[in-house]
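J.: Mind docking chains V, Y and H on chain X? Use the hints.
Protein chains: 4
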Amino acid sequence: MSSTFGRLFRITTFGESHGPALGGIVDGFPAGIRIDMDMISRDMARRRPGSTSLGTKRSENDIPEILSGVFNCVSTGAPIAFIVRNSNQISSHYDDIAHTFRPGHADYTFWKKYGIRDYRGGGRSSGRETLSRCFAGALAKQLLSQKGISVNAGVIAVGGVKASSYIWDPPFENELYAPDCPELPEMISRVEGARASGDSVGGIIECRARGMIAGLGDPVFDKADAILSMAIMSIGGVKGIEFGSGFAAASSLGSENNDQMTEKGFSSNNAGGILGGITTGEDLMMKIAVKPTPSISRAQQTIDENGNGKEIVIKGRHDPCIAIRASVVVEAMTAIALADMLLCKEAYSG
Amino acid sequence: MSSTFGRLFRITTFGESHGPALGGIVDGFPAGIRIDMDMISRDMARRRPGSTSLGTKRSENDIPEILSGVFNCVSTGAPIAFIVRNSNQISSHYDDIAHTFRPGHADYTFWKKYGIRDYRGGGRSSGRETLSRCFAGALAKQLLSQKGISVNAGVIAVGGVKASSYIWDPPFENELYAPDCPELPEMISRVEGARASGDSVGGIIECRARGMIAGLGDPVFDKADAILSMAIMSIGGVKGIEFGSGFAAASSLGSENNDQMTEKGFSSNNAGGILGGITTGEDLMMKIAVKPTPSISRAQQTIDENGNGKEIVIKGRHDPCIAIRASVVVEAMTAIALADMLLCKEAYSG
Amino acid sequence: MSSTFGRLFRITTFGESHGPALGGIVDGFPAGIRIDMDMISRDMARRRPGSTSLGTKRSENDIPEILSGVFNCVSTGAPIAFIVRNSNQISSHYDDIAHTFRPGHADYTFWKKYGIRDYRGGGRSSGRETLSRCFAGALAKQLLSQKGISVNAGVIAVGGVKASSYIWDPPFENELYAPDCPELPEMISRVEGARASGDSVGGIIECRARGMIAGLGDPVFDKADAILSMAIMSIGGVKGIEFGSGFAAASSLGSENNDQMTEKGFSSNNAGGILGGITTGEDLMMKIAVKPTPSISRAQQTIDENGNGKEIVIKGRHDPCIAIRASVVVEAMTAIALADMLLCKEAYSG
Amino acid sequence: MSSTFGRLFRITTFGESHGPALGGIVDGFPAGIRIDMDMISRDMARRRPGSTSLGTKRSENDIPEILSGVFNCVSTGAPIAFIVRNSNQISSHYDDIAHTFRPGHADYTFWKKYGIRDYRGGGRSSGRETLSRCFAGALAKQLLSQKGISVNAGVIAVGGVKASSYIWDPPFENELYAPDCPELPEMISRVEGARASGDSVGGIIECRARGMIAGLGDPVFDKADAILSMAIMSIGGVKGIEFGSGFAAASSLGSENNDQMTEKGFSSNNAGGILGGITTGEDLMMKIAVKPTPSISRAQQTIDENGNGKEIVIKGRHDPCIAIRASVVVEAMTAIALADMLLCKEAYSG
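Chains as they are written, first to last, in this note's numbering: chain X, 1 to 350; chain V, 1 to 350; chain Y, 1 to 350; chain H, 1 to 350.
Calculated directly from the structure, the hints in this document are not laboratory data.
If you're wondering where the values come from, they're calculated on a predicted model, not measured in any experiment.
One copy or any two copies: either way a pair holds, since identical chains are not told apart in the list.
Within a straight-line C-alpha distance of at most 25 Å, the following computed DSS-like cross-link-like pairs (lysine-lysine) qualify: (1) K147 with K264; (2) K147 with K345; (3) K147 with K112; (4) K315 with K112; (5) K112 with K264; (6) K310 with K112; (7) K112 with K345; (8) K310 with K264.
So here's chain X without its partners, still in its complex pose (with noise of 0.2 Å):
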């Protein structure tokens, strides 16, 4: 099921980075929903390299072209194909890497588990695959939005700089997807001090679902927060995920940590809107660990297929942050584990 996400809401992608072409097929979409390309494209172009300034400059143009389940731009009920095509991709940067595993990098790990390997640009482990889920998660956007559901996320810290304090106010319309915040400019000159030193910084993206209503998820293992998790966790790169209080959580006490009601509500979120696996209602809250790009130009010790140690260096044009863009992909996969479990609450309201 590896090419696969979903219950009831599903999207299954395919595609290398420098194969002909990219995509997906979302099914079990339900018709009869006006489907608004514009949000898609715009959703695609904030994932796209070149999309900011503190990004890569390899810039690529990427239009999706649907292919099944649109009639007179009203979703049908049939499955919804798309496919984006490869293009401005410079395969031979790759050449002398061919045999070389690029630290980080899935490169060792697919050629232990395949035995064979599209070692252009990363192939199907390559950051590219997450356009096929920009798109589904616009898609589901839009299926949430007709609840009133909303789904934002942004970066609240890179490489050790953290947001102090911010009001959650989306979209963030500057260089980093980021809340406005005192260290922001201190944040941006980390990213591009690291780009100019050949290095990159990882970072914290922060996500939220509002206008949530209770009851999402289930109680034991498709507990809402586990299928967030697993959603979330698939992108590359991400290392951690937390949820409300998350971590620190774990130096609180009980008495500090329970939400208290009162008959306005919740007096507090530290569950971040999960409690036993269900939705409250309150915004769900989650922050994501992203690690440094991997692709870095400084000199790296490895090994290539015959074990043999060798140094490289890595070409090539190259983010020196992925946490920037991952933001909507984030956005995406909290979209599409939504949808998902939306529908599936659906199921029991009849």
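T.: Quick look at chains V, Y and H alone, frame taken from chain X:
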């Protein structure tokens, strides 16, 4: 699919804390494996209330009965069903909270989702459900051990006191199930202090799998870390998970975080044993944040089913720190997820 | 997924004919439905050996115990687990065939697949497994009846004697569970004749669902007839299934077989209630071929586990015609499949 | 899961007959297999309209483009996506039936289910969807052929004319894709007669898999025959399926129907190669009933979306007997189901 986890190695659980019995069905367990009942009993005993002096004083004597799938002590390939009868359940403790929502519990969300709930002891959301996971986890461990893989978890922080240094040498035979560390006495007294004051504390569990093989997990949605995250976030009270350097990766440089390789193997394991969603063969390393026990005997504000504000004082005998007994459940879910990935890998090794 | 059926309404079964118990877990059953235990008992009694004078003389007293998911006689939304203890199982009957394959049984294929088998009474392949289906089917029927859908099955042919004409007026309260027809006495004597001669006969079961609603099933792989076929072909001994005009359609003209429509609805129902995989709202109509009981007391040629030829005479008390007791199992699987489709449809009715 | 079939070997399809393109994604295909594109083309050509003089005169030139998962002609383990552009689709033929339901088609049920439909040529329900199955089926056959398993299907009856005797010697290179038999000329003239009179005929397809291995399929719900039934009943127009002696078993005695064994193997194959849901290693044998093409040029009574009665005469170029071209689709679905079972079996052979 709420009550089922896994693709080939599958566990389905049932049962409420105050119903007649709990149990489950392990499907997809290979035929011909001699079942070590003692090992199952040890894992279930470690989860059981009363297993540690730092836990609840409530004592449960959870002896599983195997109903199928094992013939002459050997697995037959048929589903292995097991039940544990409930006893020593004092339902009257719950009478006065039958229509009131305990803060930090699933009471409110269950009621919103189902419009009905078995209010005795959390019903389906009770921690007692995890005994089924321990049973299945013990079976999964036996399968993994045939490949040389072992899974262990221990508590490395409680209520803000963190183990500063430790050697990973399981099993951890102390009241905390913690690796030996200088802070152990302080950690223990932190838990006892919380109990004495009618409060509770959170904690952090570390889990490692050793003897790992490369190639488990799939490249896109079914990444090893994605599946493990779902498995572990599905345990009640878990609020965060990280792999390898985890949230610290967000503060680091690519040149620091990448695990370089030499002819002797990986020079570090910031990846936590997973690259691109596929295991590297290095130790799997995870840290898990567990919130403080929500059941505390201090007065808290809440509401009842009619939305009226109330003060609540929770009676009964509860763990001051659920992270302690949760460690074996973390092991179980890790083992189940790995066993499932192992079978999926085998499907392509023919 | 061998032991689980369904997407939202899911049944997982366990148990061998001569183990401690059989049972299962029904997951995804909606909350708030009052459970009619008498109705469950009636269906299980109809399946039970000894229920009809035309069946085995072996008597089993299968009383299910519900272990979870029902609180004060009402479903809670949690999984409903149930077990039936085995008793009156005479394993010694099987000692002399422990290492010999009974013709027409799964003995040989189990041994080839697993290299081990519980040879007592068929183990996991025993018809006793279907008691779990009847339990789950009775629950499914209760869900369907809320929408006005009823499911009934009856025997319309045994050993070559076919009911020439009949009115569909269930329940069919005769020894064959057959609709009233001129051939009924001949059908009964055919079964009795087979028993007298140590032989067995096959039969055809007809199953109809009435009060159907349009829109169940999906257009491509999850067609209503595809899912129903899987559900019913998974019953041991079933060798064929057809919908509506079925195999007769292969001999007909399009102008004969198409169901024309007028303002009053469909003029005929050759489709059997399904067009393009989606229910029309007309009666669902299926016919199912069941092979003769493979356990016969006549001498047969077979081999043992070492491949040596042997003559075998099967002892024990066996049904001369399994189609008779299988009719309620056909109802059960039909109801389970329809309940699942119903919930899937509801997911998109919100 | 409407558009996905399979557990490990998975096919997801998309596309409408008159949209931009159709295609699909094959996920779970093993890495390292050299792909025979000619063989894929041959199977797709056999399905294609115009492939036989007995089919529609409509000609489609379906050349699949592979978008992913194949690198230097070898599978990489990544999902294999493919598309076929639509062309030569004359939508205007459908303008006058845009709001009228064609008898025997999914028009009515689609409209009832979705409240919207792409009325051009059946949309998602069009037989054109099966081109994706043929592509995936050809891949599955290549996987099976590595184990020595071959799958073939041929027409053995049309419009009531049955092949009385034949040797199974595929491929069947005549206009009917039928095994050589005395009735072949009569069968052909029956189809031509139906076309001449503006009518259509049904047919029976036989499908066999040879070189089978024992142990495919699981004992309970995922029986080999259950999965195959679902796979094949999901093909549009199929109304019945039987295995081995099938419906004839219902008229037989146990002593006739049981397949006895000697030291040389099974003495007969009434089981059709499956016992207790698990393959025996004998040839898999199925017969499939296909209804007459619902699109006929004779006047029929129907209603429109407002429920008003109308007479309809269907224009366009349609097959007089869809069983002919459906035979390769039956092969495809059989191969896909067997490939999936094969991988599931491999998971337990480690």
